[in-house]
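Could you slot chain B onto chain A? The hints should help.
2 protein chains.
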Amino acid sequence: MSLLVVGSVAYDGIETPFGKVDRILGGSATYISLTSSYFAENVNLVGVVGKDFADEDIELLKSKKVDLTGLQIDKSGNTFFWQGKYHYDLNNRDTLDTQLNVFEHFDPVIPEEYKNARYVALGNIEPSLQSKVLEQIDKPDFVVMDTMNFWIDGALDALKKTLKKVDLLVINDSEARELADEPNLLKAAEIVRSMGPESLIIKKGEHGALLFAGTEIFSAPAYPVIDIFDPTGAGDSFLGGMLGWIAYTNDRTPQNLRRSVIFGSVMASFCVEKFGPERLKDLTEKEIYDRYREFRALSQIPELD
Amino acid sequence: MSLLVVGSVAYDGIETPFGKVDRILGGSATYISLTSSYFAENVNLVGVVGKDFADEDIELLKSKKVDLTGLQIDKSGNTFFWQGKYHYDLNNRDTLDTQLNVFEHFDPVIPEEYKNARYVALGNIEPSLQSKVLEQIDKPDFVVMDTMNFWIDGALDALKKTLKKVDLLVINDSEARELADEPNLLKAAEIVRSMGPESLIIKKGEHGALLFAGTEIFSAPAYPVIDIFDPTGAGDSFLGGMLGWIAYTNDRTPQNLRRSVIFGSVMASFCVEKFGPERLKDLTEKEIYDRYREFRALSQIPELD
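Just so you know, the sequences run in chain order A and B. Position 235 of the first sequence, counted from 1, bears residue number 235 in my numbering, the numbering being contiguous throughout. Position 89 of the second sequence, counted from 1, bears residue number 89 in my numbering, the numbering being contiguous throughout.
Here chain A stands alone, though its shape is the one from the complex:
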């Protein structure tokens, strides 16, 4: 099934304890599109870039069959640029520079041919823009959104309005606690779900993820990756892998949502192995499915005899 992806397209400058890159393709819509393209058949990207956006980055997205009809090229300025530095433990980072550039006035216009999208991924952008996207779409089967502390702090009312229209919210544990104003994760999950989304995924970074769907809870395992090289894009890769799998199978049963969480974890685990989206450029089907099986083997609890 077709998948509509709305979010940022950016350039990132990244420093980790293992190296430094001045400028590399980034942005939530980029990571979501690249990772979901390994599963979903039609990935349609809506975003904005500036006059500096490189042909090779267009080519990369096209090579993954990401449709760019909805990618606005705004010649009045440059592409959104973010620069950050990760600390030794990789869980914290300092933002060194943020240049919104053409992203500052991003107005997501959904092309006519995208309006019948069945699956929608709302990357982490201003909640009112997320709502605006949904207003333009006919009647999607399944809307997934991401958000962040910045909007919980600064745009809570708009965020709550958007939450009423989504089927699945994907956030991390600190965001869930803050949004619910409740430290206990299970209780926080209940509160967040009462705000709208039937299903909820709480990501716990290196510690795995929790899926709440129907009356079920699924505790997805940590993947003890040997070398996290660069965490940039891991959360968006999770979302892309997850929703890509759901769109591909067109199956939203709890069993298949569990699989989708693992495919999300798989794509995030690949993402962090190299700088930016480098590792997501040329994955093979075998690598992806092998890692799924690895996750499964790693966390399999034997039956009692």
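Don't take every hint at face value.
What the hints assert, rightly or not - Distance condition first, Cα-Cα at most 27 Å in a straight line; then the derived BS3-like pairs of lysine-lysine: (1) B:K75 with B:K139; (2) B:K187 with A:K204; (3) B:K204 with A:K187.
Just so you know, the hints here were simulated from the structure itself, not pulled from any lab data. Bear in mind the structure is a predicted one, so any value in this text is a computation, not a measurement.
Just chain B now, with coordinates in the frame of chain A:
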């Protein structure tokens, strides 16, 4: 098979965000004995208590068929007393009072009838005392030990000597990193295992645990317990449930070690539901096995069709 447990027997004063208790039975050997007694047939405790040790606590241990031949009663002083206060997030605690009392000169003497123990649990005590215990035992099949940052900081040489003689070390993630002097958990695990223990369990608190055995890694799931009431004894309950299961089944294959990690997690999850060892007094077999199945259901990753 018989299981020898050596460690502290204590009284604890505990304050959590949910309540306060001035004096309740505690100590590593207590928690390990109580939890392992639900599995292992002969649990033999070696420890020391003072003149204030209550008859009802003796009776509690006896009611669980814990053999107390090795429990020294030192009338020259009182039982080890620890008082602490947990913070709101329950991951941190302040020690308010520590009275070693008769535990200060604890000299673990293994009774003749315990010396053929097949399974040995070395609770968190001074590493040289752990070694002294092993010197008195004929030739155990499987020795498990716990330790803590305090000994890694202050008795590293003695600790390294003890490590050479144990089969399985159970520590938490910060201890593993400190012992190996390596932040990456997988690399830290390799380094720690090269110090002696063939197998290693790294506990990650609320985030589950990692088991390293042979060439296998097992990532045990987080258990999103609704209400952690008091974390005291959770680590020792993990060890007791785990080793109790291994001793009961007398099976140290990687598959069964996985089960043992889950039974450890099960007993820890019960432990934290009430103050001190309260919840460990009257568990039923059904409760224990049901929770094992709950862990399994919670983390089951479906096969791909």
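Structure-based check of each hint:
1. The hinted pair formed by K75 of chain B and K139 of chain B fails the criterion: a straight-line CA distance of about 33 Å is larger than 27 Å.
2. Only pairs whose Cα atoms come within 27 Å are accepted, and K187 of chain B paired with K204 of chain A is accepted, the gap being roughly 21 Å.
3. Using a Cα cut-off of 27 Å, the hinted pair K204 of chain B and K187 of chain A holds, with the two alpha carbons roughly 21 Å apart.
This entry does not satisfy hint 1, going by the numbered hints stated previously; all others are met.
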